[in-house]
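**Q** Using the sequences provided together with the hints, build the complete structure.
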Amino acid sequence: MSTTATTPVHTMPEKSYLNQTYGIRSWLLTVDHKRIALLYLASVTFFFFIGGFFAMMIRLHLMTPNGYLLTPDTYNRMFTMHGVTMIFFFLIPSIPAVLGNFLIPLMIGAKDLAFPKINLLSWYIYVVGGLFT
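At the far end of the sequence shown sits residue 133, using my numbering, and the numbering has no gaps.
There could be a bad hint or two in this list.
[Stated by the list, open to error] FRET-style restraints, in silico, Cβ to Cβ: (1) Ile108 <-> Thr64: 50 to 58 angstroms; (2) Leu29 <-> Pro96: 18 to 26 angstroms; (3) Gly23 <-> Lys117: 15 to 23 angstroms; (4) Asp73 <-> Pro116: 38 to 46 angstroms; (5) Thr3 <-> Pro96: 51 to 59 angstroms; (6) Thr6 <-> Lys111: 30 to 38 angstroms; (7) Arg25 <-> Ala110: 21 to 29 angstroms; (8) Gly52 <-> Leu99: 15 to 23 angstroms; (9) Lys111 <-> Met63: 46 to 54 angstroms.
Don't read these hints as lab results, they were simulated from the structure. What you are looking at is a predicted structure, and each value in this text was computed from that prediction instead of being measured. We treat Cβ as the ideally placed atom computed from N, Cα and C, and that holds for glycine.
**A** Given below as structure tokens:
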């Protein structure tokens, strides 16, 4: 029986959606559906924490006996902003935007979505709409 020495072959790691290109510009101008889904995930998480802040302010106001923390007008605004943020900027976009953008093209075997630039434009409109509220 003979043994031969083999030298290991070093290959470059396969490029994925995370290390394809680097920098904030590559993330903001991407048309890759997986990266756009991660942008949605980051935005949805940000708006979740904003809505949680409104909920925390409501609960702190209700914790005091006479409600001295917020005025009644401010309390109503916080209550409304909590509802708007959690429904329109967290709950509704979380499932179709994050999971739909990431998983559905992979599940049907497509390389990308039909209109990737419109997909990126929808994320921009979502973020701008969230910042206006």
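**Q** Hint by hint, note whether the structure agrees.
**A** Hint by hint, here is what the structure shows:
For Ile108 paired with Thr64, a C-beta distance near 53 angstroms keeps the hint of 50 to 58 angstroms intact. A hinted range of 18 to 26 angstroms for the beta carbons of Leu29 and Pro96 is consistent with their spacing of about 23 angstroms. A beta carbon spacing of about 19 angstroms between Gly23 and Lys117 agrees with the range 15 to 23 angstroms that was offered as a hint. Here the CB-CB span from Asp73 to Pro116 is close to 44 angstroms, well matched to the stated 38 to 46 angstroms.
Between Thr3 and Pro96 the beta carbons are some 58 angstroms apart, a value that agrees with the proposed interval 51 to 59 angstroms. Taking the beta carbon of each, Thr6 and Lys111 are about 36 angstroms apart, inside 30 to 38 angstroms as hinted. Separated by about 26 angstroms at the C-beta atoms, Arg25 and Ala110 satisfy the suggested range of 21 to 29 angstroms. Between Gly52 and Leu99 the beta carbons are some 21 angstroms apart, a value that agrees with the proposed interval 15 to 23 angstroms.
Here the CB-CB span from Lys111 to Met63 is close to 53 angstroms, well matched to the stated 46 to 54 angstroms.
Checked against the numbered hints above, the structure violates none of them.
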